[in-house]
Each structure stands twice: as C-alpha cells, then as structure tokens.
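What follows is each chain in one-letter form.
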Amino acid sequence: MSTAAPIAAPPYKLVRHDEAEAGLLEVSMGPHHPSTHGVFRMDVKLDGETVVRLKPVFGYLHRNHEKLAEGMSYLSSMPFTDRLDYFNSMANNWAYALAAEKLVDVPVPERAQYLRVIMAELTRLVNHTSLVGFFLNDLGALGTPLLYAFRERERILDLFEQASGARMMCNYFRFGGLRCDVPAGWLDRTRALVGGFPKFLDEFEKLLCENEIILARTQHVGVLSGAQAINAGITGPMLRASGVNYDLRKVDAYGIYDRFSFRVPLGAAGDCYDRFMIRMLEMRESLKILEQALRDIPEGPVMGNAPRVFKPAAAEVYGRVESPKGELGFYLIADGTTKPYRYRVRPPSLINLTVLEDLCVGHSIADAVVILGSIDIVLGEVDR
Amino acid sequence: MIDTLIHILALTAPVAMIFASLFAFTTWLERKILARIQNRIGPNYINIPFTKFRKTFGLLQPAADGFKMLVKEDIVPHGADRFLHLLAPILALVPAMMVLCLLPFDLPFANESMKRIHAAALDNAVLLFFGITSINTLAVFMAGWASRNKYSLLGGMRAVAQMVSYEIPLVLSAAVVIMAVGSLSAQKIVAAQSTHWFIFTPWGLAAFFIFFIASLAETNRSPFDLPEAESEIIAGYFTEYSGFKFALFFLGEYLSIFAINGLAVTLFFGGGNGPWVQAHPWLSCVWFLAKIFGLIFIIIWLRGTVPRLRVDQLMAFAWKFLMPLSILNLFVAAVALKVQQPWLTWPLCALVLYAAAHGLSRLQQKNVGPRTYQYAE
Amino acid sequence: MKLLGSGIFKGMAVTLENFVRSYFDRDRKHHLFTKEYAWKSDAPADQLPARADTTVTTRSRNFPMLLHDGKGSEDPMASIRCVACQICERECPPQCIFIEKEYDANGKFVKRPVIFDIDISVCMSCQICVEVCPFDAIVMNSEFELSNNDRFNGLLVRRDALLKSNDYYHRIHPEEAQERDDRMAREKAEKEAKQAAADAAKKKAAELAAEKAAELAAAKPKVDPAAPTATPQ
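Top line first, the protein sequences correspond to chains A, B and C.
If you're matching positions, the first sequence starts at 196 in this note's numbering and goes up one per residue.
If you're matching positions, the second sequence starts at 57 in this note's numbering and goes up one per residue.
If you're matching positions, the third sequence starts at -1 in this note's numbering and goes up one per residue.
Some hints could be false.
To be verified - Under the rule of at most 20 Å between Cα atoms (straight-line distance), these lysine to aspartate or glutamate pairs were calculated in the DMTMM-like manner:
#1 A:Lys534 with C:Asp158
#2 C:Lys8 with A:Asp453
#3 A:Lys394 with C:Asp23
#4 C:Lys109 with C:Asp158
#5 A:Lys394 with A:Glu494
#6 A:Lys506 with C:Glu89
Source of the hints: derived by calculation from the structure; they are not laboratory data.
Okay, chain A solo, but in the shape it has when bound (with noise of 0.2 Å):
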C-alpha cells in the first residue's frame, strides 16, 4: 500500500480508436427509423450485421414538461402528465393526484378509488395489448398482430371516451377524486368488454405464442440479469422478466390494490420473450383486478371536498404508481403557492432504457430492433 506497485500490464491490448472503428460501419438508426417508436436515435456501429457499439440518443421530442409545471397552477399541469406516456393517461394523471394527494390530506371516496383501479388497470390492458403488437411489428409481423390489439383497444379506447370525453388525452383525475362520475350504463359496457376479453388473449396467445419464429427471434436475446436489472433501477415488466418480484400495486399498495387479490408473473431467463410473456400474463392478472372491482363498486360521490384553490403548504412528497412500463413516480416540491417549486417525473421508459446498449452488444442488428421493442418505451415519456 505504501510503496507504489509496479504498473501491471492491462490485460487487454490498447488500440488507438480509429484503428479499433477501421472496418466498422457507423449506422445512425433513426430519428425517423420505422422502428425507434418515434423520435429516437441509435448510433450502432455494426461489424457486419453485430451490433458492436450503441449509443441512445434522445431529446428530439423534449417539451420542457418539468420546468413548464412549475409555471403553472398544479391543476394544469395535470393535461400535461397525459401526454407523458400517450399510451397510460389514467395511470399518468393517477400518478401525479397520488403525489398531489399528498401535499394536501384530501380523503378520496370509495367510488373514485374503484374507479381509478378499473381505469388504471383497463389502461394497462391497452398499453401491454398495443405494445405487444409493436413488439411483433419490430420482428417483422405485417401488421397483423398490432391491429388485432388495435381492435381491442379501440373498444377500451370508446370506454375512455365515454366515460372522459377522450380518448387517449383523459385528463380524467382530479386531486381527491375524478373529473365526473361514469355514464349510466359504463359500468355494464366495461364488464363485457372484461367478459369477452379472455377470447382476444387466447387468440392472441394461439397467433404468437408458438410461433417457432418468434420463439427462435426471441429466445436468449437481450438477456438482462436480475441483479443487472436491480443495478440499473429497471421496473415494471421488464424487471419481473428478470425474475425480480417487485410490483408497486403489492409493494405500496397504493389506492385501493390491498383490496384485490392478484399475483405477479414472473420471469427467469430475463430474455426478450420473458418481456414478451410477462405482458401477456400480466393482462390476464389485470382481468383479474377488474372482474373485482367491477363487482364490488360502490355507489357514491366521486370527489372529495378538495379546495377550489389548490394552494398546499410547503412540503415535499414523492407519489408513485405501478405504470403499465414500470415504476412512474412525481416528485413535488411545494412553496405554499398556487405553483409547485418543483415538479419532477421519474419515468420508467427513460430509466429502462439505460440498458439498452448492454442488451444489444454482441447481438445483430435485427435483434437490436427487437430490444429496444421489449424495453417498451414511449418517446413522450422518455424526453419529456
């Protein structure tokens, strides 16, 4: 320790860079590649086809959605949490009242907190059904597979409609409650879509899950450890790919989720079709939640006596959900102004994202491509 030890020779041999990239061929896929799920850049440096570099580049579709929260009221911040992740507004504007929830003890009423699990959940159906199809789009699937998803979103999506008056920009949340009750009727309208959902899955299940070509283009591709996933902060299904149990409905059991029961699928190898897979089990478990919810529903207010004017005092709160990608989290630091101090989004598309040149390394350009679709990541909620 005290006398400086002799430099060892680095196990591996230096090369000057520009002889290391000789031969290499520098690809930058995208920000208009098909299949970057939109404005997002790889710089692959490809040797032959094998990915042997990667670098994410992000930001195009940035929309400064921090620093305008802190802006504006904490109301009208909430449209803007539904673009977030286009795919999940109710689990966005969940998120983000679950935060806000906090700054002030506003109680929410029994109805609101049914509600919220059935529109949380009816989104994660969306969410996981659209972003298999995407999934399989990456692998080459014309299409098919996407809009047999499309056609049950939309039936979810004609839900959202009716009950919101959007369809994919809710805005459906308000701090201690909902916006408006359901119309007479939605309640029945979801519990058939839920009857007949199992039908869709199986059909689904039956179009892909055997597909030797998909078992082939999947299987031992872009394995992520646990630990490795652990390290990286990964949530959601990704990390329970990797076999790590950890669901935030079962870990905060945030809302009203201690009410129901459900379990967790979870994954081993940590490959692509684990990702694959997880999403496909989870929706049988979010039919689960619902079928429960839609029965026990009370009937009742759906908004508390929040104040008119939401002026917290000052504190600092951390809301999170169980997003369809992963664990969203709002930060809040409030001043005792109209305005947060602070506002900042822990998104788990951009935090899942990190391991993406991990992942790709060593595999071929293709198997990149399909990477990046099992990450799941919505370019609204990466760059904000």
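For chain A, the structure is supplied; the task is to place chains B and C on it using the hints.
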C-alpha cells in the same frame, strides 16, 4: 423472318400485358386480403376522376398509385452511382418478364405453328428459368450498392446471401420433377401430369414444400423479406428509390412472384391441366392463372401471419434444413420412382421425410421452446 | 413433440379465421376497427354527422366554444355569458386563449369580451378552461371537422365563430348541459334567495333604524354613551 418476329411478338406481348395488368390487380388483392386478415377494410373508395362516384371497392387504387409513381420526383442520392442506380430496376424487371414467356401458358388464340416458334417451347425451359432468375440477385445488389446508403448496402448484402443460398434447395426440389419426367421442357412436364399431378406423390409434396419456401426467399417475401426488412433497414435495397424506378422494382418483384409460382404450378400442379380442359382448351389458361392466384393467396396469408427471421437463422434454415431435406428427397424420389408401388411408397416416403424433417427441426430449435412461468402472490 | 412449423400453422389458422370472419361474422363485421369516414353531405353545418358509427359521444370534447343564451336569430353578443374575467386565459395550460375586455365610450368596462380568440392549433382540448370558468361561459364542443387550408387564420377561431347557443350545447352534450343548467338555476335561486333575504334584512334594518331614530328622536335628551360600543360585537 418478319413473320417469325410477328409471331413471337403476338405470343410474348400478351403474356407481358396480361401479367402486367394482373400485377395491378394483385397489389389490390394483397392489400384487400391483408386488410381483412387484420380486420380492416382496405382500400375501398377511389373516386372515378371528375365524378362523385366513390364506391369502386378500391379497384382504382393501383391506377391511382401508378399515376402517383409516374409523377413523383425521381431522386438520386448525392454521390450515388447514377448509371447503376438507373440500371438496377431495369435489370430487376427484365428477367422477371423474360421468364414469364417460358411458362407453359397456352394462349387461346395461338395456333400450332405459332407455338413452335414460341420461346416457351424450348427444350430446356426449366434450366433457362433458373438461369435468368438468378440475374435478379445482381440487380438487387446493384441497387443496394449504387444507392450510397448504408441501409441499402445492408439490404443488398442480405439479398445476395439469401438468394444464392435458397437457389440451391429451389433447384434441387425442382430436380425431383425433372427426374420423374426426364425432360427440362415445361410443356413435357405439364403433359406428364395430365392425369396425376406431382403434388399428389409423397416426394412431390415434400419437393413442393421446399420449393415453395425457397421461392418465398427468392422473391423476398415474408417471412424471408430480410433484404427489405422494414423494421430493421427501412426498405433495404430500394430505400433510395422513388417514383418510377421504385415502381419498376415493385413491378419486377410481383412479376417474379408470378413467374416462380407459375413454375411451381408447372412442376407440381399440372400447369394448365384441370377439369373440362379437354372439352374447352381455352380453360387451360384460366386454370393456370387460378392456380397461381391460389399460391399467391397463401403467400399473402403467410405474410399476414408470420414475423421475420434473422439473417443467421435464415441461412441456417437454408443450409441445415432445406438443403439436407431436398437432397434426401432426391433419393426418396429415386427409390419411389423405381418401386412404382403407391401403397408401399406413400407410407415409406412420408415416414422417412417426416422423420428427417422432425430431426432437422429439433436440431434447429435446440434450446428454444414454449415456457411456463411462476407467479408471486 | 412438434414438427417445425406447427406453431406457424396455428397462427395461420387464427389469421384465416379472422379473414373469413371479417366477411361473415356479424359482430366482427360491424366492429372492424376502421370507422369509415362519416360523410355528411347535406347536413347543416352545426350538426354532428348522422352516421351512427362515429365514436363521438355525448361527452366527447374537442375544442372550446363560448355559450350565449339567445334563441334563434337574436344577437348572440346580447346574451353572451362570458364577462371577460380572463381566468381561463390565465389558467389555460398551453396558453391558447387571448381575451380583450370591452369598454364603452366612457371607458367603462362593460363585462364582455371584445376579442376572444382560441388558437386551436395550440389548444390541447384539456377542458381546464371549462373547469375554472365561474360563469359557465366556456364549454367543450365536439365538432371535429376542422381541417382548414389556412394554417394561421383558419385555425385561430374568433369570438363570433366560438359563440354557440345553449340549445346547441344541449344538443351535443345533453346530460352535461342539463346538469349545468340545473346547477346554474339552483345557484341563481340561492343567490336570489340570499339577495331577497339580504334585501329583507336591509329593509328590516332600515325599518328598525327608522324606528330607533324615531325612538331616539322621541327620547333625545337621554343619550346612552355605552350603546354604540355594544353593538359591533
């Protein structure tokens, strides 16, 4: 001399015209079938120009698309090889058109003297067919190289590897039929199947499967559409093509689908043979096209179902599955042709081929398969 | 033990089933998720497309509109509900509303907007303006045929184009409009009752004061110095 030229024109021009117009219909058909498979409606109204009539079932869509292609700007990337960039689509189209004339496509109006001069009456039509279609590989690589685009280059390289590899099982499976008939002439192959199509023999069935799969790869159709893999390399070798050059590629692609399926029909489905052909010879042409469209339906159906293979899997599939199987099939066919006892050859051949396919597929999918999952409460 | 390709055949069975059922299955046929465009050939401009298969519901929202209570051909500005308080302008998350107050010749604020513009190329249909409006003056429209050749002026909707009658609102969002009207009526009644009570109280107080004054006048000599301090509490 002039007479001969007129005869040749009279025989080839209609073939080219028929298939070129069928191309338009096929693009419409493909879009419609895919749409219905995906629970969509598909193209359903294009106005008849200058009228308010909308309900044309989208049949005018190909015409509208074609017109759009014609008036679009022809963009050549900066630094591209302009000559090769222009040559590639032409080279993709010409062989596809040429081989169409080799098919035993009996035009109703052609008399015997015309048929004799007809290019299709060549004694080695099948051989020539494979010779000419292999030019397509060159065209694709030329396009990929000349575009000066990395995606195009990747697509071109994929295409060469793929098309060269799959040509072997393609030819080997066709060789089975040539063995059975003892001739390379398309007409003689069709004549040999006037009573019994080769698809109804065990080796013929296996050969057809191999031929069909290999032909999918040859024409870059899903699940072997790697050279133009949209989700990976944008549009592969024709990323940088627009306007009319793109239309030529498109036309060439569809014409080669017609051609290779026409060959499949010739080899395995008895060409123009079918019911009532003896009484009405003009039906032979209809049967021929109907069979081609049957195969095209399967291709479209497959396209609507399966995702794409990866390059290494694609090559492994060609060399480790189709190749051994097609070679085995040659021996099986030789034995079956020698024995000539359907009650014996059918079960035996089926068993051997099934076992081989099964074993090879096990080898292909060593540690891959459906899984079961655990749940945490 | 399965042959290579059996999974693919299974998938092909699914797609074939969908192909066939898209033609013959009534349920599937009518739920093809492509909604054909609801052509409205000769319907009046402010009517929803007649086709039943649009997804526009009685809650659908697209862009805001201003309400007035006029009927028929009355001047909508005579009964506009908006008082140009500019709360919506302030609260609008994407800042797409621009309001200018109206002043009469004497420079007195007449509680009407002279300019009320909504830039619908910026508006994100979030409905915050509707929620913050204390006068029920701005609500959401569900008109969706808004495509325009003029990217700037065509998408900047002016006050007169935004003005819609309450009847129209009842047509497109009947439940919500009824609820809003009921609430307004209730609030108005409450306000009137309060006003009446206040008036009565005032009257009474005046009477009382008059009585007291009379009393005081009658008993002027004996002034009670403690009385004024006792009353405020």
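Going down the list of hints, with the structure as the test:
no.: 1; hint: A:Lys534 with C:Asp158; in the structure: 34 Å, violated
no.: 2; hint: C:Lys8 with A:Asp453; in the structure: 39 Å, violated
no.: 3; hint: A:Lys394 with C:Asp23; in the structure: 15 Å, holds
no.: 4; hint: C:Lys109 with C:Asp158; in the structure: 16 Å, holds
no.: 5; hint: A:Lys394 with A:Glu494; in the structure: 30 Å, violated
no.: 6; hint: A:Lys506 with C:Glu89; in the structure: 15 Å, holds
The structure fails to meet hints 1, 2, 5 from the earlier list, while all remaining hints are met.
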